[in-house]
Structure formats: structure tokens, C-alpha cells
Amino acid sequence: MNTLAKLALPAALIALPSLGLAEEGPVPGVNASTDTVFILNSLLFLVGGFLVFWMAAGFAMLEAGLVRSKNVTMQLIKNISLFSLAAIFYYLIGYNLMYPLGTWSVDGVLSGVWGPGVLEAVGVTSDAADDYSYASTGSDFFFQLMFCATTASIVSGTLAERIKLWPFLIFTIVLTAVIYPLQASWKWGGGFLDAAGFLDFAGSTVVHSVGGWAALTGAIILGPRIGKYNKEGKTVPIPGSNLTLATLGTFILWLGWFGFNGGSQLAMGTVGDVADVSRIFANTNTAAAGGAIAALILTQIMYKKPDLTMVLNGALAGLVSITAEPLTPSLGAATLIGAVGGVIVVFAVPFLDKLKIDDVVGAIPVHLIAGIWGTIAVVFTNGDASLGTQLYAIVVVGLFTVIVSAIVWFVLKATMGLRVDEETEINGLDMAELGMEAYPEFSKG
Amino acid sequence: MKLIIATIKPFKLEEVREALTDIGVRGMMVTEIKGFGSQSGHTEIYRGAEYAVNFVPKVKLELVVAANMADQVVETITKTAQTGKIGDGKIFVLDVQQAIRVRTGETDADAI
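These protein sequences, in sequence, are chains U and S. Position one of the first sequence corresponds to residue 1 (this note's numbering), numbered consecutively onward. Position one of the second sequence corresponds to residue 1 (this note's numbering), numbered consecutively onward.
Here chain S stands alone, though its shape is the one from the complex (with noise of 0.2 Å):
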């Protein structure tokens, strides 16, 4: 099993979402976060006085997956989240050793 943790604009969520769906994902978990990376931060204006910035809202996938499933889902964020420009957002991917579902108590496989 993997998690994949993806950062990606907020505005391509429902994209992503519905490509992950289509290609078989049953369950996310979703965070609206801040953070800053290459894009960094940039200035605004409020009454006459500039401010920084500094971290950029962004959207934190959390998926947990079959491992021979992982590339695809990776594929499939890259391709669906990606605007070329700054900021489009980084993917992680990580082991998981265990995976239990609460309500049946089914592990790893059978609970994702």
C-alpha cells in the first residue's frame, strides 16, 4: 500500500477528483492548507500599505492506495492538476505498513 500526498491548486480539485474517481479511487481526504515552495509568496495592497504573501493556499490530497495502483494515481494527478505555470504543486509518495477499516475491523487490502 502507498499514501500519496499531492499539493495541488484549489481550483483543479473537482478536476482531480473526478479523474481519480474514473480511474478507480474510492476515498480521499482533503485539507485546505497554506505553504510556499518555488512559487513563494507575493504582495498585496489593503488601505495604501503593501504586504507579503508569504504562504499560498493550496489543497493537501491524502490518498491511500494498492502499491501497483500508485503510478497511475501519480500519472493521473500530475496530468489532470497540471497548469504549467508556477505552483502547480508537488506529490509524495510514501509506504504504509497497516491500513484497518474501524467499522468491520478489515485490514490493509480490504480496508482501502
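Just chain U, same shape as in the assembly (with noise of 0.2 Å):
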């Protein structure tokens, strides 16, 4: 994902026809014409862009059925809400934050660049390209921008079934348009981070990581769902309402990851790049289908039963575990990073309803501690990671998310409430709070 790494290359590249060179000049490694290294980079975001675009649905799906039917509207609306939201105050704001391209206000921390992300003109020409020799600028933001989406699913799910939708919105707003361009900025934009050598992919720690410590910092300020721990302190557990929705939606986030991870392998113009696509797409997959695996042997060993919840948050986790790197593991340690995110998931799961911090969808142990997991696990197949910098930036992006999401969640509820009342909550939010049901039929007989 780092852009001005990918752009010096090409950078260089640019030089060779304005010093009156043949177009495909000589360069290692590059044998097509720059026309269509440009063609196959903006394609390679628009594809990528587009399925990660799809991993909305995913997460809308996966919540949708791990929430109870009452719930079921809200919960969906809440998705399809903050997915808008994020695509407007990206536009807004966050992109030129997220991609100072060397302007910053504070070095390395604070891009000097404000204001809504402009395109490229209609119908623009080789010349007038911003960066003819990599990609459309269109393409790249609209790439970026799915990430930036996917950071903000990744908190409604935690917070289901009691947040009010107007604050969580705002929430969201803060998150698309500040936090998270802000410190992506720290490493994709080629900040501090970026700098000291930490090693991000596709974004272990910038966006699975930031949307979970949103989350959990949005769970402990919220407090758990009515029922969830009884008198005693033990856990109750409340299923979701459809196992077959929940099922799909994990499928979808699959699906959408080969265009998260394999797009932010940036370029796609020589063999060499589509070659690494190609091996991040087979690590991605084989690494959700280690932490299903251990997932599902986990909880039959453990509970007697495979437990379906279980599994799937396992793919999912074997997914973020492998976004940090998917590169340069081989297709065994893929699996291998993927099944120790799937452990992860058995084990975090019981651990945070023992604090009870009520996570409804699973995605603190999912998305931060699998993204915590993942970050650590670049070491082990690539020789440029630190252990000490992974560390370090895992610790700088957790403080600085934990910090500023805090403050607006508690800013959100002293103004205007961050709680639906307690009989509201009992009713459900989809009749108190938006009267329509998700499955009217069912309720009426």
C-alpha cells in the first residue's frame, strides 16, 4: 500500500520520454508500453476497489445475522449509512489527508494538504495524466476509499443492538474523515512510520487494527447489552438470527480480500507484479481457510461441538492475520499465520466476556488482536520487518485510535446520549427506533 514507494519506480520511468527516449525504453523488469502500465495499475485498483467495495455487503450480512431479528433493520441500516458516510468525507476530507504526497503541515504526521480529492479531467490525456507512469487518480481513489469503508463496518458490529444510529453516524464521520486517513497517513502516506520501517500490506494494523480499537474503546464506554451477563457475572449467550445470512456475509468478506490484499500490491504493469498478485490472492485464501480449520477443530475439541460463529470468525481472522503480509509468506505459512488467527478467535472470544466488554459480531478478537497477531507475524517471512518497529507502530496507531475515539464517544455521550433506553432496547431498535421490522411476517404469524 505504500504509494510513494511504488511511485519511484515509475517515477524515474517518467523521465526517459521527456528526455526524448522511445517509450518503452529499457527498463528492468518493465516491458510493456507506459500507456499500458497505466491501463493495468488503474485497472488493478478498479477490480480490487470493486470487491472490496462488496465486503459492505459482507459485513452488512455477517451483522445482520449475528444480531437478533429485532435488531436486524437497524443493524443494516446502520451499514449502509456509514458505507455513504465514509465515501462522502473521504471525498471531503480524508484523502488528501491520507496522501500528502510529500506536502505535510507537520512533518511526517499531519498532511499539509485540505480539501476534497479532485480527479483527473474527462477523457485526459497521456500528458495530462496526473501520474501517467503509474496510475489514474480516479482508480487510486477509489481504491483507498473502500478502505477507509471497511475500517468503519468493521465498529457498527461491536456496538450492535444498543448504540443509537445519530451517534454512532457521527462516530463514523470522525473516524472516515480523521482517524483513520490520519494515521494511514503515518505509513501509506508516507509518514513517520513509514520511515522507521514498519511494514504494513494491506493494512493488519491501519485498518483492521484501527477499527478495532474504535470498537472496543466504543464497547467499553457503551457497556454491554441488557441480559448479556447476569447476576452472577456468567455469560448468556444471545444467538443471532440467522446463521445462513452470517454464513454468506463471511463468504462475501472472503471474496473481497483477494481485492484488499491482492490490490494493494499497487501495480500490475510488469510480470513480476502479476505474479505477486497472483501469489497474495493464493495466501489470502489459504490463510482463511487455516483459522477456519482451527477454529473448527478448537471448538469441537474444546465445547464437544463445532460451533459455526466459531469458524467463521476463524476465516475471517486467518484473513486479517494474513493482510500485514501476504506476500511473502509460502502457501504453508500463510496457512499457518491464518490458523494461529483462528486460535486467536476461540480463546479471545470467551476472554472478553470474562471483562465483559459485550463485542456482538466477534470483531475485536477478529479484526484487533488477529490485526495485532498478523502485524507481529511479518516478521517471521520478511527479512525488512522489525520486531521492535511492528511494536512500535502497533502501540503508536492503538494509543493514538484508543485516545481520540474515546474522546468523541464520550463527547457523543454527554451531548446527546450514546444509549437507546432500556425499554427500547428490550423492544428492539428496529420498531422503537425506525418502526419497520426486518421480517414483519414472522412477528404477526
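No incorrect hints appear here.
Straight line, CA to CA, 25 Å or less: simulated DMTMM-like cross-link-like pairs of lysine to aspartate or glutamate:
{"hint": "1", "chain 1": "U", "residue 1": "K234", "chain 2": "S", "residue 2": "E44"}
{"hint": "2", "chain 1": "S", "residue 1": "K34", "chain 2": "S", "residue 2": "E50"}
{"hint": "3", "chain 1": "U", "residue 1": "K305", "chain 2": "S", "residue 2": "E50"}
{"hint": "4", "chain 1": "S", "residue 1": "K12", "chain 2": "S", "residue 2": "E75"}
{"hint": "5", "chain 1": "U", "residue 1": "K234", "chain 2": "S", "residue 2": "E50"}
{"hint": "6", "chain 1": "U", "residue 1": "K354", "chain 2": "S", "residue 2": "E44"}
{"hint": "7", "chain 1": "S", "residue 1": "K85", "chain 2": "S", "residue 2": "E32"}
A few chain U residues that face chain S, going by a derived Cβ cut-off under 8 Å, partial list only:
{"hint": "8", "residue": "T235"}
{"hint": "9", "residue": "V236"}
{"hint": "10", "residue": "K305"}
No lab work stands behind these hints, which were simulated from the structure alone. Glycine included, each C-beta is placed from N, C-alpha and C at the ideal position.
Both chains come to you apart, so use the hints to assemble them.
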């Protein structure tokens, strides 16, 4: 995802035509024309982007399936609204905040470019393209926007069934306009974490942990759902309404992840890049499989019966685990990295319950804890990574996200209130807040 | 006339219905219910947390039959619904004062 590093080689390339050399000059590893490279790179962003877009559907289905039927409509409206808000606020502020392209107001920390993202002109020619040696701005914007929206999607599942609609959406705005893009600039915008040598290929930390930290902070401030923990402090399971939808959502996320990780190669104009994208697809897939099977076997052993929701979480944890480094591992290593993610889920879900942190869909184990694991796991297969730097970035990003999120959550709590009232929560948010049910026939017999 | 209320294991419903129609029963009411008896509940695990299933799903049959047929019906249900394991269910027999067929207004024996 390091746009600047990727820009370095093509930037050298662009000098060639201007020196009057042939357009298809002999550049190591590049045999395609500059036009072709531009087209293929842009195409990778577009295909990757719409695959990551589809993850929004995955989150919506997963969450709809894991909440009770009385809260399904609310969960769906949150999902489509948060995605749309992310799209608008990433355009208005986020994109330029995340990619200062070297123009910093605080060096390596805060972008100096403020204002909405601007695309290239209609029918732009190679002379006028923002970066003819690389890819179209529209494709890059489209691709990066989807990552921002993914971060926001992570939060909604954890806080389901008790948070009010509007405070949640306001938090989403702050998250997608400021929190996500600002910390992402530290790595992918060429900021101080990038300079320190932090490696996060597609965002185990930058995307998933950030969503996870924001969700964790929110869950602690919001408190658990009524009835989730009984008087003796024991956990009372609240089964989801539709495991078919939850499974469909997981498969959709799995599909979308090929775009998430594969697209993060950020280039497809050379044999090496295409081969790498292919490697990433294969590794991403096998990591998900490893996570799912680890959870399947562990729940069978520990609980005597496999738990589908844990297997679904396990697959997702496998995906998050491989996201920080989907390129360098072998298929075997990728499977193991994913499998550890699956193990993490099986232990982290009941552990959070012990702490009385109510995470409705398991987003904290999947995105935060597996995200931390994935970020650390980079050091096993990528010689350029250092454990110290990885841990440093995990802590920096974690502290920043927790502190800013906590401030926003507390301000919202003090001004608008975060939680629906007790009666609304028990009757379900669908009827009380929206006046419509997801499955009206069921309730009327 | 007797009202026979029987609770049985859900998977036995089809077998019991067949056996009862074979001996001439021409109607019954069936409800999916939950309850507990000596089987009481059991525990399950969801996402690592144990929970008690206090009510076990059963099927409740209600049949009104002529008094002289009641014993045969009870015997048939007992025989067919029995697995020998705990939770096979119970049968209650009650007197019925009156029966009316809505369509024709026929009463008692003619109505059932």
C-alpha cells in the first residue's frame, strides 16, 4: 500500500520520454509500454476496489445474521449509512489527509493538503494525467476509499443492538474523515511510521486494528447489552437471528479480501507484479482456510461440538492475520499464520466476555487481536521487518485511535447520549427507532 | 367422548399420525410446544459460553374420540411414540362434554 515507494520506479521512468527516449525504453522488468502499465495499474485498482466495496455487503450480512431479528433493520441501515458517509467524508477530507504526496504541515505526521479529492479531467491524455507513469487518480481514490469504509464497517458490529443511530453515524464521520486517514498517512502516505520501517502491506494495523480499537473503546464506554451478563457475572449467550446470512457474509468478505490484499500490490504492469498479485490471492485464500479449520477443530475439542459462528470468525481472523504480509509467506506459512488467527478467536471471544466487554459479532478478536498478530507475523517471512518497529507502530496507532475515539465517544455520550433506553433495547431497535421490522411476517404469524 | 392430550418427541409425529389413522382416527390437532418433565433441560455452548436449555421441544397432540376408542388410541400412541429413553412424553385423558361440527351443526358422536 506504500504509494510513494511504488511511485519511485515509475517516477524515474517518466523522465525517459521527456528526455526524448523511446517510450518503450529498456527499463528492468518492464516490457509493457507506459500506456499499458498505466492501464493495468488502474485496472488493478478498479477491480480491487469493487471487490473491497463488496466487503461492505459482507459486513452487512454477517452483522444482520449475528444480531437478533428485532435489531436487523437497524443494523442494515447503519451499514449502508456508514458506507455512504465514509464515501463522502473520505472525498471531502480523508483522501488528501491520507496522501499528502510529500506536502506536510507537520513533517511525517500531519498532511499539508486540505480539501476535497480532485480527479483527472474527462478524457485525460497521457500528458495531462496526474501520474502517467503509474495509474489514474480516479482508480486510486476509488480503491483507497473502500479501505476507509472497511474500517468504519468493523465498528458497527461490535456496538450492535444498543447504540443509537445518529451518535454512531457521527462517530463514523470522525473515523472516516480524520482518525483513519490521519494514522494511515503515517504509513501509506509516507509519514513517520513508514520512515521508521514499519511494514503493513494491506492494513492489519492501519485498517483492521484501527477499526478494532475504535470498536473496543466504544464497547467499553457503551457497556454490554441488557441481559448479556447475569447477576452472578456469567455470560448469557444471545444467539444471532440468521446463521445463513452470517455465513454468506463471511464468504462475501473472503471474496472481497482478494481485492483488499491483491489490490494492495498497487501495480500490475510487470510480470513480477502480476505474479505477486497471484501469490497474494493464493496466500490470502489459504490463510482464511487455516483460520476456519483451526476454529473448527478447536471448538470441537473444547466444547464437544463445533461452533459455526466461531468458524466464521476464524476464517475472518485468518484473513486479517495475513493482511499485513500476504506476499512473502509460502502457502504453508500463510496457512499457519491464518490458523493462529483462528486459534486467537476461539480464546479471545470468551476472554472478552470475562471482562464483560460485549462484542456482538466478534469484531475485536477478529480485527484487533488478529490484526496485532498479523502485524507481528510479518517478521517471520519478511526479512525487512523488525519486531521492534512493528510493535512500536502497533502501540502508536493503538494509543492514537483509542485516545481520539474515547474523546469522541465521551463527547457524544455527554451531548446526545449513546444508548437507547432500556425499553427500546428490550423491544428491539427496529420498531422503536425505525418503526419497521426486517421480518414483519414472522412476528405477525 | 374423551379428549386425549399427548406430548411426544417431534420426530415421532409422522409415525404416530400414521398409526392413529390406521386405527380409524379421523382428525387431530398438533402444536409445537416446549416444556420440561423428568427429562428437564440440558446445556449447550454458544461462542464459548455455556447456557441451559430449560425447555425441550415437543409436539402436543389433541384428539377427541368416542369413549370406547380411547384405550386403543392411548395404547397406539404409547406403542408408537416409545423409544424407551427419557423424554418420550406423557398422555392425559379427559372427559369431553360436548362436540359440535361448525359446518352442519351436528353434535357429539356425529361431530367427531
